[in-house]
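Novice: Letter by letter, the chains look like this.
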Amino acid sequence: MAVVFERPKSLADIRLHYCPGCTHGIIHRLVCEVIDEMGIEGDTVGVCPVGCSVFAYNYFNCDMIEAPHGRAPAVATGVKRAQPDKFVFTYQGDGDLAAIGTCETVHAATRGENIVVIFVNNTIYGMTGGQMAPTTLPGQVSTTTPFGRDPKLAGFPVRVCEMLSTLDGVALAQRVAVDSVPHIREAKKAIRKAFENQRDKKGFSIVEVLSTCPTNWGLSPVDAIKRLQDEMIPYYPLGVYADKEVKF
Amino acid sequence: MEKKLMKGNEALAEAAIRCGCKCFFGYPITPQTELSEYMAKRMNASGGVFLQAESEIAAINMVLGAASTGVRAMTSSSSPGISLKSEGISYIAGSDLPCVIINVQRGGPGLGGIQPSQADYWQATKGLGHGDFHVLVFAPSSVQEVVDMVSYAFDMADKYRMPAMLLSDGLLGQMMEPVVFPEQKSEAIEKPWAANGHKNERKHNIINSLYIEATDLENTVVERYKKYDEIKATLPDAETYMTDDAEYIITAYGATARVCKSAVNLARAEGIKAGLIRPKTLWPFPSEIIKNATENAKAILCVEMSTGQMVDDVKLAVECKKNVEFFGRTGGVIPTPAEVLAQIKKLGGIE
Amino acid sequence: MAKMEVLFEKCEGCGLCITACPKKIVSIQKEKRNRLGHFTAQCTDQEACIGCAMCAMMCPECAIRIEK
Numbered sequence: 002m003a004v005v006f007e008r009p010k011s012l013a014d015i016r017l018h019y020c021p022g023c024t025h026g027i028i029h030r031l032v033c034e035v036i037d038e039m040g041i042e043g044d045t046v047g048v049c050p051v052g053c054s055v056f057a058y059n060y061f062n063c064d065m066i067e068a069p070h071g072r073a074p075a076v077a078t079g080v081k082r083a084q085p086d087k088f089v090f091t092y093q094g095d096g097d098l099a100a101i102g103t104c105e106t107v108h109a110a111t112r113g114e115n116i117v118v119i120f121v122n123n124t125i126y127g128m129t130g131g132q133m134a135p136t137t138l139p140g141q142v143s144t145t146t147p148f149g150r151d152p153k154l155a156g157f158p159v160r161v162c163e164m165l166s167t168l169d170g171v172a173l174a175q176r177v178a179v180d181s182v183p184h185i186r187e188a189k190k191a192i193r194k195a196f197e198n199q200r201d202k203k204g205f206s207i208v209e210v211l212s213t214c215p216t217n218w219g220l221s222p223v224d225a226i227k228r229l230q231d232e233m234i235p236y237y238p239l240g241v242y243a244d245k246e247v248k249f
Numbered sequence: 002m003e004k005k006l007m008k009g010n011e012a013l014a015e016a017a018i019r020c021g022c023k024c025f026f027g028y029p030i031t032p033q034t035e036l037s038e039y040m041a042k043r044m045n046a047s048g049g050v051f052l053q054a055e056s057e058i059a060a061i062n063m064v065l066g067a068a069s070t071g072v073r074a075m076t077s078s079s080s081p082g083i084s085l086k087s088e089g090i091s092y093i094a095g096s097d098l099p100c101v102i103i104n105v106q107r108g109g110p111g112l113g114g115i116q117p118s119q120a121d122y123w124q125a126t127k128g129l130g131h132g133d134f135h136v137l138v139f140a141p142s143s144v145q146e147v148v149d150m151v152s153y154a155f156d157m158a159d160k161y162r163m164p165a166m167l168l169s170d171g172l173l174g175q176m177m178e179p180v181v182f183p184e185q186k187s188e189a190i191e192k193p194w195a196a197n198g199h200k201n202e203r204k205h206n207i208i209n210s211l212y213i214e215a216t217d218l219e220n221t222v223v224e225r226y227k228k229y230d231e232i233k234a235t236l237p238d239a240e241t242y243m244t245d246d247a248e249y250i251i252t253a254y255g256a257t258a259r260v261c262k263s264a265v266n267l268a269r270a271e272g273i274k275a276g277l278i279r280p281k282t283l284w285p286f287p288s289e290i291i292k293n294a295t296e297n298a299k300a301i302l303c304v305e306m307s308t309g310q311m312v313d314d315v316k317l318a319v320e321c322k323k324n325v326e327f328f329g330r331t332g333g334v335i336p337t338p339a340e341v342l343a344q345i346k347k348l349g350g351i352e
Numbered sequence: 173m174a175k176m177e178v179l180f181e182k183c184e185g186c187g188l189c190i191t192a193c194p195k196k197i198v199s200i201q202k203e204k205r206n207r208l209g210h211f212t213a214q215c216t217d218q219e220a221c222i223g224c225a226m227c228a229m230m231c232p233e234c235a236i237r238i239e240k
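Chains as they are written, first to last, in the working numbering: chain U, 2 to 249; chain V, 2 to 352; chain X, 173 to 240.
Hints are all accurate, no fakes.
Calculated pairs, DSS-like style, for lysine-lysine (alpha carbon to alpha carbon, straight line, at most 25 Å):
| hint | chain 1 | residue 1 | chain 2 | residue 2 |
| --- | --- | --- | --- | --- |
| 1 | U | Lys-190 | X | Lys-240 |
| 2 | V | Lys-8 | V | Lys-42 |
| 3 | U | Lys-10 | V | Lys-200 |
| 4 | U | Lys-10 | X | Lys-240 |
| 5 | X | Lys-175 | U | Lys-10 |
| 6 | V | Lys-42 | U | Lys-248 |
| 7 | U | Lys-87 | V | Lys-204 |
| 8 | U | Lys-87 | V | Lys-192 |
| 9 | V | Lys-227 | V | Lys-127 |
| 10 | V | Lys-42 | V | Lys-5 |
| 11 | U | Lys-227 | X | Lys-196 |
| 12 | V | Lys-200 | U | Lys-87 |
| 13 | V | Lys-192 | V | Lys-204 |
| 14 | V | Lys-200 | U | Lys-202 |
| 15 | U | Lys-203 | V | Lys-200 |
| 16 | U | Lys-194 | V | Lys-200 |
| 17 | U | Lys-227 | X | Lys-195 |
| 18 | V | Lys-292 | V | Lys-322 |
| 19 | U | Lys-10 | V | Lys-204 |
Rather than coming from a laboratory, the hints here were simulated on the basis of the structure.
Hey, can you work out the whole structure from these sequences and the hints?
Specialist: Here you go:
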């Protein structure tokens with residue numbers, strides 16, 4: 002018998018600190034599978050955010066940098082400009098990327114910065130205990146929207162891929178999900194394409210991954226997956242929002 | 002070696018390129034903009050990177066990224082912009098990364114003004130961000146010294162793996178003086194800690210300032226303070242001018258020290274025994290030099306383009322055993338030698 | 173013939189693998205907790221396993237290894 006599935010080599014063989022059923026682990030694995038398949042671990046520098054994935058520097062076996070909250074795209078820009086031959090990716094949550102780091106995200110994208118951004122959208126601030134995120138859905142209860150997010154008071158969620166797809170520097174903006182095996186396969190293909198774009202110097206690639214937060218949603222892991230499917234995907238439709246040749 | 006007439010900001014940029022600065026990230030702000038403009042013209046052609054960032058915050062984080070990979074990186078700004086950078090500076094210090102930050106100071110607080118100022122002394126030496134840390138702070142007082150200190154700042158930043166700041170001001174940045182660019186001794190400093198791809202030849206490097214266990218953070222900070230102690234013992238530097246027999250000694254740094262030197266000369270012409278101590282390093286502060294040079298002085302006058310910031314450190318340096326008076330102009334007003342002379346006379350009760 | 177191996181100490185018992193298995197042969201055993209305190213996933217019918225690895229793909233902990 003041959004091994005047909007095991008932990009990718011570039012994913013450190015230690016326990017991830019994420020809550021049981023949190024899909025961060027799946028997304029980590031997909032990134033590592035792509036890194037392994039492309040054979041680029043030794044030439045990759047990852048930049049992790051502030052948020053639940055703040056300890057990701059311990060999990061990816063490539064060189065890693067821990068960025069200030071929201072600044073990962075700027076840090077990655079510095080890395081990529083200094084080392085253009087290296088693969089550079091950021092791994093960011095929704096609060097990091099779409100609230101405090103919106104400016105850095107938009108400008109790295111419009112510059113066509115040749116990096117990969119893995120954007121994990123779970124509609125909540127997980128690490129600080131379940132506050133409203135920029136992606137929290139209307140009506141969604143969080144600790145800072147205890148009666149549900151009221152757009153009259155707290156505004157509307159940000160649809161990041163749709164917003165970034167209007168920018169000339171964006172080569173790929175795709176929204177995927179990790180709620181089922183077919184979607185996970187799709188997500189991996191998108192991540193692979195993003196890294197290949199970087200290899201081919203095509204410009205900015207962002208893969209938005211709809212993810213779950215069973216703990217702060219107050220749901221079981223299985224019910225959290227169901228919420229992702231029933232509530233998140235209708236508001237954040239999966240698909241390719243930009244896939245174009247950036248004409249520098 | 003050839004002498005060139007150059008504006009302070011442009012000479013600074015040229016010196017940085019010559020000493021191996023590979024990446025410059027900046028954002029326009031008066032009165033440092035010429036520095037970025039010079040970098041934009043020269044950097045890419047010399048094989049380096051110039052990038053205008055979307056904000057001061059992005060610029061300092063680009064420096065963080067580039068410095069993480071082991072290259073020499075720099076950013077420059079002026080007072081309000083430095084406030085924005087302070088988040089990133091704290092992270093850079095907490096991640097033990099070397100880089101150079103230029104502050105061409107202007108008046109504050111708030112938007113303040115665009116004229117020269119020294120009101121960021123406290124910020125530079127005591128509060129460049131949250132947490133327990135220091136930044137090396139160098140204070141040039143001529144365009145030539147700007148050139149020399151940039152290269153020194155990069156060397157010391159690399160040696161001690163920490164950020165270094167050049168605390169310039171609008172006056173030094175905007176004025177023109179002849180400068181000589183010294184031959185660069187290019188000693189490659191090994192940076193085995195750099196996150197630039199491990200090539201499957203070593204364990205992964207992590208650039209990080211997070212220590213979730215309180216004792217881990219305490220130990221890391223304590224180790225860093227041992228490094229600071231070594232720096233405090235070796236790096237403090239100041240110029241002393243006519244202090245040997247001086248009864249009245251001025252302390253002043255940067256552009257203000259030039260004015261004060263003229264005031265000392267005016268005083269000496271009138272037979273008043275005046276002298277000047279000009280700190281060249283603001284952190285570490287040259288306390289010993291000040292203490293020793295003022296041993297026989299009757300009184301000390303600290304002159305700044307602020308309402309009095311360095312004066313606190315001067316008082317500490319002399320352990321409050323001497324009379325330390327203060328004179329300052331602020332908001333972008335530059336004191337004149339005559340004004341300073343009048344203060345010296347007041348200090349000595351001289352009619 | 174395929175083999176689903178649950179890495180006992182890595183499994184956090186979230187049950188996502190159960191939802192992924194097309195053969196419905198994965199469950200959470202309620203007899204022994206691992207060091208983290210979790211009851212872990214198990215294959216209830218090794219003979220029926222087709223080695224599709226869908227359980228492993230759904231696992232957030234990389235706690236499943238598949239041989240075929």
